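Going from the sequence shown to my numbering is simple: count from 1 and add 26.
Keep in mind that the hints were calculated from the coordinates and are not lab data. Everything numeric in this text was worked out from a predicted model, so none of it was measured. There could be a bad hint or two in this list.
As the list claims (entries may be wrong) - 25 Å max Cα-Cα, derived DSS-like pairs, lysine-lysine: (1) K41 with K82; (2) K91 with K183; (3) K91 with K41; (4) K171 with K183; (5) K82 with K40; (6) K39 with K82.
To be verified - Okay, the calculated beta carbon distance ranges per label pair: (7) K91 with V213: 26 to 36 Å; (8) E28 with E241: 45 to 55 Å; (9) N237 with S74: 27 to 37 Å; (10) G60 with R279: 30 to 40 Å.
Note that CB positions come from ideal geometry on N, CA and C, so glycine has one too.
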Amino acid sequence: MEMANALIVDILKKKPCSASECRNKNLENMDPDGLTYFEGLMEEPSLSSSLDILEKDYDDAIRSKGELDERVFINEEDSLLGSGSFSGGSMNLSGVKRKFDSIASPTKPIASPLSPHHTLASHLNGGANSKMVATPVSTAMTTAKWLRTFISPLPSKPSAKLEGFLALCDRDVTNDVVRRAQVILEVIFPSSALGERFVTGSLQSADLMDNIWAEQRRLEALKLYFRVLEAMCRAEAQILHATNLTSLLTNERFHRCMLACSAELVLATHKTVTMLFPAVLERT
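Produce the entire structure from the sequences given, and follow the hints as far as they go.
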């Protein structure tokens with residue numbers, strides 16, 4: 027709370043006062059002890075100008091630090107932020123969301139903050155069904171079909187475009203990214219050791235099937251990781267007007283989280299989730 031108050035004073039230049047000393051209808055039925063009040067902070071037209079200032083300050087921060095623009099993940103319906111544009115108006119945020127959704131979201135029928143806007147034709151042709159609530163079964167089936175259709179045909183290595191981003195870092199991190207992905211996904215989707223295969227009958231067949239299943243799931247997660255990583259690099263390069271994404275692509279935690287999310291989606295799709303993020307990384 028103290029940090030938020032300090033940011034309001036520093037960035038928005040609002041004068042703080044003790045809530046217990048203020049007489050304002052917004053504070054009725056509240057215990058004001060220990061709270062700080064900023065006059066007009068959440069009222070028009072102060073609210074609109076404050077949002078503009080915060081957007082500009084955040085734009086300046088990500089340009090100078092070269093970090094991931096987290097506004098891509100804001101739920102438009104629940105947040106006052108995110109209605110502006112990136113890089114001086116060159117890219118609308120809702121457009122980025124729809125683009126990210128078309129690349130990375132397999133569950134288009136679900137009404138979500140990342141879903142594309144419905145066209146007029148879709149409303150005329152039964153718009154009531156366009157926001158049909160998805161069930162666990164329908165979501166799993168949709169995701170599985172998406173993995174088979176769009177992810178499985180992809181190569182199990184970085185695309186030429188992604189390799190370009192990796193090579194343009196302060197040093198070429200292609201081998202680091204590929205090696206990390208292989209090691210972590212091998213642990214999440216382990217294959218039986220060679221010595222364990224020297225058994226007979228149904229046990230050998232079951233073990234072979236387990237290995238085949240693990241290899242298929244591992245490849246799906248790997249391809250999904252490379253696909254989404256490329257999409258994020260493209261978006262960041264367009265936002266920052268630069269192709270050197272060293273800060274992002276050398277961040278170990280970022281890659282581990284991306285791999286964990288990819289693995290969890292694959293596991294959830296095939297109904298084999300035994301641990302959720304971030305516990306999925308514990309063995310790595």
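Outcome of the hint check:
A distance of roughly 20 Å separates the Cα atoms of K41 and K82; the hinted pair therefore holds under the 25 Å criterion. Distance restraint check for K91 and K183: the Cα-Cα separation of roughly 29 Å exceeds the 25 Å cut-off, and the hinted pair is therefore not satisfied. With a C-alpha separation of about 29 Å, the suggested pairing of K91 with K41 is violated against the 25 Å cut-off. The straight-line distance between the Cα atoms of K171 and K183 is roughly 21 Å, inside the 25 Å bound, and the hint therefore holds.
Pair hint K82 plus K40 holds up; C-alpha atoms about 17 Å apart against a cutoff of 25 Å. A C-alpha spacing of about 14 Å is found between K39 and K82, which places the hinted pair at or below 25 Å, so the restraint holds. The supplied range of 26 to 36 Å is met by K91 and V213, whose beta-carbon atoms lie about 32 Å from each other. Checked against the given bound of 45 to 55 Å, the beta carbons of E28 and E241, roughly 51 Å apart, stay inside it.
For the hinted restraint 27 to 37 Å between N237 and S74, the CB-CB distance of approximately 59 Å leaves it violated. One distance hint, 30 to 40 Å for the beta-carbon pair G60 and R279, holds here, with the actual separation near 34 Å.
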